[in-house]
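Undergrad: Here are the chains, one letter per residue:
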Amino acid sequence: MRLQAVDVRLGYGDRVVVDGLDLGIEAGTVTTIIGPNGCGKSTLLRALGRLLKPSGGEVLLDGKRIDRMPTKEVARILGVLPQAPTAPEGLTVADLVARGRHPHQTWYRQWSSDDEAAVGEALSMTGLGDLGERPLDELSGGQRQRAWISMALAQGTDLLLLDEPTTFLDLAHQIEVLELVRRLHGELGRTVVMVLHDLNLAARYADRLVAMRAGKVVAAGTPSEVLTESLLAEVFDLDAKVIEDPVAGTPLVVPIGTRPHP
Amino acid sequence: MSTALAPPRPPAGGARATYRRRLLVLAGLFAALAVAVMLSVSIGAKPVPLPEVWQAITAPTGTENDIIVRSLRIPRTAIGVLAGIALGVAGALMQGHTRNPLADPGLLGVTQGAAFAMVLSIMVIGVTSLYGYIWFGLAGALIASVGVFALGMVGGRGGGPTPVTLALAGTAVSAFLYALTSSMVLMDEQAMDVFRFWQAGSIAARGGDVVWQVLPFIGAGLLLALINAPGLNTLSLGEDVARALGQNVNVTRAVGVAAVTLLSGASVAACGALSFIGLMVPHLIRPFSGPDHRWLLPYSGLMGACALLLADVVGRVVARPGELEVGVVLALLGAPFFIALVRRRKPVRL
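So the sequences go chain by chain: A and B. Number 85 in UniProt numbering belongs to position 85 of the first sequence; there are no gaps in the numbering. Number 12 in UniProt numbering belongs to position 12 of the second sequence; there are no gaps in the numbering.
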């Protein structure tokens with residue numbers, strides 16, 4: 001287990017969102033957390049990335065309590081990309097990606113050839129090699145999202161946590177981002193945990209699905225184990241048929257809804 | 001995505017050109033400051049030509065000009081440079097930490113803290129010398145901003161203050177202190193007199209002692225600002241991203257607030273309320289520095305010193321034979337200038 005939540009209780013102030021949750025992330029897998037709005041997916045991801053301190057239980061990174069490790073050391077092992085991050089105006093793509101090297105720098109040694117190489121690699125990995133000098137605010141939504149992922153890549157971490165990396169993107173750009181995630185896993189052996197809303201894309205791009213409802217893990221396993229008609233009813237209160245995706249062979253969710261069928 | 005598997009490109013030529021351009025701007029700012037310093041030592045109620053200024057510095061013979069240059073112009077220019085650097089850097093730090101383009105150092109309560117402590121020292125202890133007020137002003141500024149930081153922490157999530165709680169706490173503390181100060185000066189004529197001049201903001205008639213008094217505080221503040229720059233760069237991507245990059249957000253905030261307090265506290269105590277520099281200078285210089293605080297902070301400092309000295313020189317010549325306080329000139333020139341800036345371009349999102 002690379003990353004583990006043991007009996008964690010999470011919340012904001014007095015409001016408890018997640019209580020008594022256990023979850024393990026195995027090395028070299030792509031895990032996707034799904035669940036209805038407000039079920040605590042993002043909260044769980046923030047806790048796994050030590051952005052939120054559990055009020056009970058503990059989060060373990062490689063067997064060690066993450067909150068007792070120096071935060072800069074954690075940042076060299078684990079990268080987190082929060083939901084819809086914002087950058088100051090005028091920041092160029094290359095400057096944004098370069099800030100991903102922060103955990104490898106000290107204030108008296110700001111830039112090294114390792115940093116240079118990591119930034120160049122992260123930019124070309126995300127296909128942004130030619131856009132380095134462009135301000136972030138001039139890019140399209142998909143390019144901007146890739147720039148942020150590129151920053152997380154430049155951090156050079158084995159583990160990557162992505163909170164809804166496809167929000168606000170059209171379908172083509174969603175696929176583009178998820179293909180990139182898949183390549184990180186396939187070519188670089190990275191371990192990825194994401195939160196996604198689109199169940200069909202989650203089924204296609206994840207090795208493991210974790211379904212949550214009301215702060216609890218309801219089911220975890222391969223996409224075909226988790227995405228069943230009964231689970232969709234239980235987790236999402238959704239009446240749906242699950243068929244086989246004609247392209248990938250993964251489960252495909254077809255909601256039934258109330259619109260009359262021909 | 002066809003370029004995805006290409007080998008890493010060699011370092012982009014664009015990045016190197018940017019670096020060269022930034023060094024050039026730095027050199028330009030140093031040159032501008034040198035010009036401003038020369039104007040400041042030579043122009044005034046009695047103009048002293050530059051050769052004579054040079055003579056007064058290197059080989060004084062006790063002439064009238066020598067005395068003017070050595071005991072009036074040089075201390076005045078030195079305090080202008082120090083306060084200008086301090087306010088420019090403090091303004092850029094403040095805007096960076098709050099991610100608010102309209103933030104200025106006064107937001108932390110330093111100005112009202114200094115005013116309150118100075119007036120209190122006059123009324124209660126009977127301090128009469130300028131050097132005496134400065135210590136009290138500095139102490140007041142430090143205490144007020146520590147109070148604001150502590151109050152901001154109470155409202156913040158996760159143990160640290162947020163930009164919003166800091167701004168709210170700063171406004172509340174400032175308003176409270178201002179009320180106390182106003183009621184005190186209404187009761188005490190002597191305090192009222194000092195307060196009036198202090199509030200206008202001036203760098204005239206400060207002897208060399210004042211320079212040495214504030215120098216250690218400003219030096220320490222600049223060192224903290226320098227250390228704070230990389231952390232502030234990560235914070236400008238949002239607190240979550242900063243934490244993800246291994247930055248201790250609360251420590252970074254505390255260092256930033258300490259730097260702002262030392263810098264603006266020292267200059268407010270020495271020169272009074274010089275409001276516009278900290279607000280305006282970072283806006284003027286940002287098109288040249290971009291959002292990288294490692295460049296923005298030094299640029300803002302140099303620019304702040306230029307602006308303060310030039311405004312002071314203007315104040316010496318527009319109302320001859322009298323002088324206009326530099327704080328008044330800054331407000332008169334600064335306000336329309338700032339409005340023009342806002343109208344020309346949309347305000348920068350930080």
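Be careful, since some hints might not be right.
As the list claims (entries may be wrong) - Covered stretches of chain A, going by a simulated chain B footprint (3 or more residues, C-beta under 8 Å): (1) 44-50; (2) 77-88; (3) 91-101.
To be verified - Only pairs whose alpha carbons sit at most 16 Å apart, straight line, appear in this in silico EDC-like list of lysine to aspartate or glutamate: (4) B:K46 - B:D66; (5) A:K72 - B:D240; (6) B:K46 - B:E64; (7) A:K216 - A:D7; (8) A:K53 - B:D240; (9) A:K64 - A:E26.
Worth flagging that the hints you see were computed from the coordinates, not collected in a lab. Even glycine gets a Cβ: it sits at the ideal position worked out from N, Cα and C.
Undergrad: Next, verify each hint and record whether it holds.
TA: Now the hints, each set against the structure:
1. 44-50: It holds, with 3 qualifying residues against the three required.
2. 77-88: With 8 residues close enough to chain B, the hint holds.
3. 91-101: holds (count 7)
4. B:K46 - B:D66: holds (12 Å)
5. A:K72 - B:D240: Answer holds: K72 of chain A to D240 of chain B is near 14 Å, not above 16 Å.
6. B:K46 - B:E64: holds (10 Å)
7. A:K216 - A:D7: holds (11 Å)
8. A:K53 - B:D240: holds (13 Å)
9. A:K64 - A:E26: Satisfied, since the Cα-Cα distance of roughly 15 Å is no more than 16 Å.
This entry satisfies every hint, going by the numbered hints stated previously.
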